[in-house]
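Enquirer: Listed here are the chains, written in short residue letters.
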Amino acid sequence: MIHRHQRIVFWCLVGCIVAMATLLVVERQRGRDRILALGDQTPLEAPTATTEPVTMDFANDADGSIHAGEREIALPTDENARARALIDHLIAQYAQAGSAHPLPPGSAVGEVFLLPLPVVGYATDPKTPAALHPDRRATVLVAPKASDDPNAPAQPVSGGELAVVDLRSSFVDQHPSGVEVETLTLLSIIGTLHANLPQIEQVRFLVDGAERETLAGHADLTRTYTSRDTATPFHTGDN
Amino acid sequence: MVVTKLPDISAAQLTPGVMNRMTVVLDASHGGTDPGARIGESILEKDVTLSLALKLQSLLAARGFTVAMTRTTDAADKPGAAGTPLTLDDRASIANRARASACLQLHAASSGNGVHLYSSDLDGMPAEAAVMPWSTAQAAWVTESAHLERQLSDALRRSGVPRVAGRAAVRPVDSLTCPAVVVELAPESEDLNSVNDSAYQQRVAEAIAGALELWPTQTQPPPRLPPASQKPKTALTQPAPRVPAPIVRVPAAQVPGAQP
Chain A
1 MIHRHQRIVF WCLVGCIVAM ATLLVVERQR GRDRILALGD QTPLEAPTAT TEPVTMDFAN
61 DADGSIHAGE REIALPTDEN ARARALIDHL IAQYAQAGSA HPLPPGSAVG EVFLLPLPVV
121 GYATDPKTPA ALHPDRRATV LVAPKASDDP NAPAQPVSGG ELAVVDLRSS FVDQHPSGVE
181 VETLTLLSII GTLHANLPQI EQVRFLVDGA ERETLAGHAD LTRTYTSRDT ATPFHTGDN
Chain B
1001 MVVTKLPDIS AAQLTPGVMN RMTVVLDASH GGTDPGARIG ESILEKDVTL SLALKLQSLL
1061 AARGFTVAMT RTTDAADKPG AAGTPLTLDD RASIANRARA SACLQLHAAS SGNGVHLYSS
1121 DLDGMPAEAA VMPWSTAQAA WVTESAHLER QLSDALRRSG VPRVAGRAAV RPVDSLTCPA
1181 VVVELAPESE DLNSVNDSAY QQRVAEAIAG ALELWPTQTQ PPPRLPPASQ KPKTALTQPA
1241 PRVPAPIVRV PAAQVPGAQP
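In order, the protein sequences belong to chains A and B. Everything in the first sequence is counted per this note's numbering, starting at 1 for the first residue and increasing by one. Everything in the second sequence is counted per this note's numbering, starting at 1001 for the first residue and increasing by one.
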């Protein structure tokens, strides 16, 4: 014989279990939504204008040339975000069917950092951990020390910027291999940055935040490239 | 771009450069676990570059050249260290030690057609400093590299092989201390399999070997600056090179066959 109070306790426990299970499912869904929001690949600022004309240097594998083309696209106001949006738009054009320089679809750039030139030196901040890697120290730029010698030449101040383009490994690993095709991709990016952000004087490439020797086995990613107009054939011949 | 400023020095203080005029370096790119580009369905770049390198080796040896190869089999291992993959810097070291009159880096691709020739796009320097930064060691040789590229281009044109020539940044050409040209073999026609055609490769190899036949009498190594008593004035716009090891300087007397 089960007493009445035991039945009440039993059903209370069943109710609690059902309530906890419901709570668990709801919280799990909320957590999943939160993670998806963090992993959103479009962290660009909302554009302030509808569209604006930009010049892009498009590569053509057939004749190894690069030609300038006009596009109307929406760009954010922040310089770093503009640079990234420009490159992403450029790569998106190459991913379309019938492209003269076919590249794999998907986001190519993790981030673009614009640093003032001249880069005079590096130092490691002993207190500040790097944002992405708490176990590492942040790297900070150090300004040149003023010389006591009045005859010492003045430090050159160009006012230009170094663009550090952090490519995604998912893009680099899928990039077609070959001297010409890899060189065209780099020149296309450099030329597009130069045309729209003329304050960029030099360009460096990283892959997932680290240095990599080549793009896909050929084009050098270890050097600093001079930003310039690349919309001219970089080679001559009868091909 | 790395800018290197030469110390003020008179022409009389320059010493002749060192070069083994009858030595050619052939670098069959990729190999072993690195297949390089995939051309079509089944052709691997490493196989095409090795095939072309072996053909060139035979033709050059027949013309009296000493040919230094970075690899002669599929495996691309460090010399004397089987199982240790050859890095791009290792390939440059092999070429630099040979003090060759020509260094050809062989590649293959599916894009375009014919032969693509590239030399370094570094800014040239009139003389070779006693210690050159590893990442820009080619700077003193840029003029000779462009000259060699023109010779190869002309020879390929005479052979009826479509070709393009230009300048590009290809690892590890910027670290080479010899006239260096990247030779990228593309399919002869729309058929991608033509890149693996033995007759096509032989035609390209014969054109290149023919151009190199007169090259030893046409090239001149850049003059060399005497070792500075103080640290060379180098102005780098970037941090120290990733591989800061200087090029090993071998006295001319120890280089067999070295001629000024």
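None of these hints come from the bench; they were simulated from the model. Where is the CB? At the ideal position from N, CA and C, for every residue including glycine. Keep in mind that a hint or two might mislead.
Stated by the list, open to error - Computed footprint of chain A on chain B, listed as stretches where at least three residues anywhere in the stretch have a Cβ under 8 Å from a Cβ of chain A:
(1) 1067 to 1074
(2) 1162 to 1171
Claimed, not checked - Under 7 Å between C-beta atoms, here's a sample of chain B residues computed to sit facing chain A:
(3) Gly1032
(4) Pro1035
(5) Ala1061
(6) Val1182
(7) Ser1198
Unchecked claim - Per label pair, the in silico range of CB-to-CB distance:
(8) A:Ala95 / B:Asp1191: 25 to 31 Å
(9) A:Asn80 / B:Asp1123: 27 to 33 Å
(10) B:Gly1160 / A:Ala100: 38 to 44 Å
(11) A:Leu206 / B:Pro1223: 33 to 39 Å
(12) B:Ser1042 / A:Glu72: 41 to 47 Å
(13) A:Glu72 / B:Thr1072: 37 to 43 Å
(14) B:Pro1226 / A:Ala74: 57 to 63 Å
(15) A:Arg28 / B:Asp1123: 33 to 39 Å
(16) A:Phe113 / B:Pro1227: 38 to 44 Å
(17) A:Phe113 / B:Gly1080: 41 to 47 Å
(18) A:Leu206 / B:Arg1063: 30 to 36 Å
(19) A:Glu211 / B:Pro1227: 51 to 57 Å
(20) A:Gln96 / B:Ser1198: 35 to 41 Å
Enquirer: All the hints need checking, so say for each whether the structure fits it.
Expert: Hint by hint, here is what the structure shows:
no.: 1; hint: 1067 to 1074; result: violated (count 0)
no.: 2; hint: 1162 to 1171; result: holds (count 10)
no.: 3; hint: Gly1032; result: 13 Å, violated
no.: 4; hint: Pro1035; result: 9 Å, violated
no.: 5; hint: Ala1061; result: 27 Å, violated
no.: 6; hint: Val1182; result: 6 Å, holds
no.: 7; hint: Ser1198; result: 22 Å, violated
no.: 8; hint: A:Ala95 / B:Asp1191: 25 to 31 Å; result: 26 Å, holds
no.: 9; hint: A:Asn80 / B:Asp1123: 27 to 33 Å; result: 29 Å, holds
no.: 10; hint: B:Gly1160 / A:Ala100: 38 to 44 Å; result: 27 Å, violated
no.: 11; hint: A:Leu206 / B:Pro1223: 33 to 39 Å; result: 38 Å, holds
no.: 12; hint: B:Ser1042 / A:Glu72: 41 to 47 Å; result: 43 Å, holds
no.: 13; hint: A:Glu72 / B:Thr1072: 37 to 43 Å; result: 55 Å, violated
no.: 14; hint: B:Pro1226 / A:Ala74: 57 to 63 Å; result: 59 Å, holds
no.: 15; hint: A:Arg28 / B:Asp1123: 33 to 39 Å; result: 60 Å, violated
no.: 16; hint: A:Phe113 / B:Pro1227: 38 to 44 Å; result: 39 Å, holds
no.: 17; hint: A:Phe113 / B:Gly1080: 41 to 47 Å; result: 42 Å, holds
no.: 18; hint: A:Leu206 / B:Arg1063: 30 to 36 Å; result: 45 Å, violated
no.: 19; hint: A:Glu211 / B:Pro1227: 51 to 57 Å; result: 31 Å, violated
no.: 20; hint: A:Gln96 / B:Ser1198: 35 to 41 Å; result: 38 Å, holds
In the structure shown, a violation is registered for the earlier hints numbered 1, 3, 4, 5, 7, 10, 13, 15, 18, 19, in ascending order.
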